[in-house]
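A.B. asks: Numbering (this note's numbering), first residue to last: 2 to 389.
Everything labelled a hint here was simulated from the structure, so no lab data went into it. All the given hints hold, so there is nothing to weed out.
With a straight-line cut-off of 25 Å between C-alpha atoms, the simulated BS3-like cross-links for lysine-lysine are:
hint: 1; residue 1: Lys333; residue 2: Lys353
hint: 2; residue 1: Lys254; residue 2: Lys333
hint: 3; residue 1: Lys43; residue 2: Lys205
hint: 4; residue 1: Lys333; residue 2: Lys377
hint: 5; residue 1: Lys254; residue 2: Lys363
hint: 6; residue 1: Lys43; residue 2: Lys245
hint: 7; residue 1: Lys50; residue 2: Lys32
hint: 8; residue 1: Lys226; residue 2: Lys43
hint: 9; residue 1: Lys353; residue 2: Lys377
hint: 10; residue 1: Lys245; residue 2: Lys205
hint: 11; residue 1: Lys363; residue 2: Lys333
hint: 12; residue 1: Lys254; residue 2: Lys353
hint: 13; residue 1: Lys226; residue 2: Lys254
hint: 14; residue 1: Lys363; residue 2: Lys353
hint: 15; residue 1: Lys50; residue 2: Lys130
hint: 16; residue 1: Lys254; residue 2: Lys205
hint: 17; residue 1: Lys226; residue 2: Lys245
A quick note: this is a predicted structure, and the numbers were derived from the prediction, not measured.
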Amino acid sequence: MIDAEEGIIVTNNHVIADADEIEVNFADGGKLDAELVGTDPKTDLAVLKVDPSLRQLTAVDFGDSTAIRIGDWVMAIGNPFGLGGSVSIGIVSARGRDINSGPYDDFIQTDAAINRGNSGGPLFDMNGKVIGINTAIISPSGGSIGIGFSIPSQLATNVIAQLREFGETRRGWLGVRIQPVTDDIAESLGMDSARGALVAGVIKGGPVDDGSIQPGDVIIRFDGKDVRSVRDLPRVVAESPVGKEVDVIVVRKGEEQTVPVTLGRLEDGERMTEDGSTEPTEEEEAPVASASVLGMTVAELDDEVRATYEISDDVNGVVVTEVQEGSYAQEKGVMPGDVITEIAQESVSTPKDLMNRVDALKDQGRRNALLMIASKNGELRFVTVRMD
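Generate the whole structure from the sequences, applying the supplied hints.
C.D. replies: In structure tokens, the structure reads:
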């Protein structure tokens, strides 16, 4: 119970998913029918409402999960295996855990005993504040082995507020597809370390389809918050209000730039992300040619080749027709039918363009070539291929 006057209760989405009727059980044996206010499967949260006039209710307050430290004592309350209200105690084992349960995983890990039936219960700090909502465990037996996970209050409170106000979430949306920045990619981009989120594509019709953010940019800071890894960006963007103008710091061609961006709404944009295509690079007229470079045989992308590999008309660049066995390109998953659209963040339209760029990179002392690869349906990704 987080609001006694309004009768608002928070639990996990998986606890009430697909339910025809929802009933809230209290420690003294009392029961109340509950109305579903809203759910968010992405964070596994649900907000319920009961009639506060039917019984005396007591609310608990959320605390600051960002202030919790590894090793701090915490207390979990729940209804394990249907036995009734139970309390367990332990410490915070880790923060920011990603257990691949959703796009915004940022769990508090605790060794306080959490079992089946504890889902949706509070995780208290020693000041009596709720700093987490118990939601998952790792266990081969189904019982607690000391690895439990709670949704941090910092993440939960924003989602709960939206569900209470709108009955649904309204998350910020940048409109980009991203991938991790590996050491090889960082070196290819002239970065001193692997950090941030690499923009692999821009969603057509999205908030940054105006060219403010470009494929190949590395986002290292968003609205004053550092983006240390690719996991950080979706979370900080989603927590930002729709329509907010934010400053995004990107590394573009080796230099940091600040780009102002107005966020769209994720829920409205999810339809657009199904194809994930970007605006194609305009193809320049050049002689037909074929060449062997970087362990690949490449050729000009003409109508015959498009038909052979079923390549979309929106994809432009140089097509890979053969990949050498044991080459770096093969190790990175490049396959015949892939299209190289850029190398070192410069577009290519002929095999000669590609060879000239490789020679130029070697003259600069570069060891890796950063390639933007398009699949036959236009989905983009970045790979690095060694040139030695």
